[in-house]
Amino acid sequence: MSLRTPLARARGLGSAKEGVQHWWMQRVTAVALVPLSLWFVASLIAVAGADYPTVVAWVGSPLNTALLVILLVSVFYHAILGLQVVIEDYIHREWLKHALLLSMNFALILLGVVAVISVLRIAFVAVLSAGV
Amino acid sequence: MNRRPLSPHLQVYRPQLTSVLSILHRATGVALSVGTLLLVYWLAAAALGPQSYATAQNILGSWFGLLLLFLWSWALFYHLSNGIRHLFWDAGQGFELPTVYQSGYVVVASSLVLTVLAWVMAFSQ
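Residue numbers (this note's numbering), protein chains in the order written: chain A, 1 to 132; chain B, 1001 to 1125.
Worth flagging that the hints you see were computed from the coordinates, not collected in a lab.
Be a bit skeptical, because a hint or two may be false.
Far from chain B by the CB rule (all over 12 Å, computed), these chain A residues [as the list claims (entries may be wrong)]: (1) Leu3; (2) Lys17; (3) Gly49; (4) Ala107.
Covered stretches of chain A, as calculated for chain B (at least 3 residues, CB under 8 Å) [as the list claims (entries may be wrong)]: (5) 28-41; (6) 114-127.
So the derived list for chain A, only partly shown, Cβ under 10 Å to chain B, looks like this [as the list claims (entries may be wrong)]: (7) Ser2; (8) Leu44; (9) Ala50; (10) Val55; (11) Val59; (12) Ile70; (13) Leu72; (14) Ile80; (15) Gly82; (16) Val86; (17) Trp95; (18) Phe106.
Positions of the beta carbon are idealized from the N, C-alpha and C atoms, including for glycine.
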């Protein structure tokens, strides 16, 4: 016999009130990153040696801008979920664990936002300077 | 706090393909997370303009930059290949011990082949 209420069992969220969300989002971002990372590496190979205007034009093409933003959001979301598990598994001193979890989250969110803003800035500047 | 050893308590086991590949998945994941610094630097430099982009290209194109990128690319291909192996396990496939070893060797081989292939393509541009 379970002591959980029928509603709690139906919600399936468990004692942490999160259910399988962490595990599931790790998989969702993983599946998204399979084609995205292959596309990104192939594009880098094609574009990395090119001159500046070529790189700007590549980033600024609407499909590439969209895929880059989706890639970056997936990468940093995936990295935060993964690093969280690593920290929780290996750091057992309570204050240090929480300090690392917080700073890891802040650092990766900062990096992710800088990356997305850089992509958008390249895309918008490419359009503006083409209009001059 | 008691002093009993806590899981994962790895040091009592002889290394095996399975356990080595498992910890490599974590290690490459952490390395790739740190490696996002390179990616963010490259994107931010491109967003700042042609001069800073040229500086970034010089740094990343130096022998040290290329070494970092080479190691980073192997970590990416390993984490990608082994990640696909993990997704098959998540779907309930491939748990028989011979299959686990076979897929392990496939992951190692594909990570090396993809890394070599990527750099051959990059340098034949």
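Interface hint for Trp95(A), Cβ within 10 Å of any Cβ on chain B
13 Å, violated
Report holds or violated for the interface hint on Ile80(A), using the least CB-CB distance to chain B and a cut-off of 10 Å.
With Cβ-Cβ at 9 Å, under 10 Å, it holds.
Leu72(A) as chain B interface residue, shortest Cβ-Cβ below 10 Å
8 Å, holds
Restraint satisfaction for Phe106(A) [CB to CB of chain B, less than 10 Å]:
14 Å, violated
Taking 10 Å as the limit, does the beta-carbon of Ile70(A) come near enough to a beta-carbon in chain B?
Result: violated, 14 Å to nearest chain B Cβ.
Per the CB criterion, is Val86(A) less than 10 Å away from chain B?
6 Å, holds
When the nearest CB of chain B is found for Leu44(A), is that gap smaller than 10 Å?
At about 8 Å, which falls below the 10 Å cut-off, the nearest Cβ of chain B leaves the hint on Leu44(A) intact, so it holds.
Check whether three or more residues of the stretch 28-41 of chain A sit with their beta carbon closer than 8 Å to a beta carbon of chain B.
holds (count 7)
Confirm or reject the statement that Lys17(A) sits farther than 12 Å, beta carbon to beta carbon, from all of chain B.
23 Å, holds
Hinted contact Ser2(A) with chain B - closest CB pair below 10 Å
Nearest chain B Cβ about 26 Å off; hint violated.
Outcome, coverage of the stretch 114-127 of chain A by chain B - at least 3 residues whose beta-carbon is closer than 8 Å to one in that chain:
holds (count 8)
Does the closest beta carbon of chain B sit nearer than 10 Å to the beta carbon of Val55(A)?
The hint holds - Val55(A) has a Cβ within 10 Å of chain B, the shortest such distance being about 6 Å.
Figure legend: structure checked against the earlier numbered hints; hints not met, in rising order: 3, 4, 7, 12, 17 and 18.
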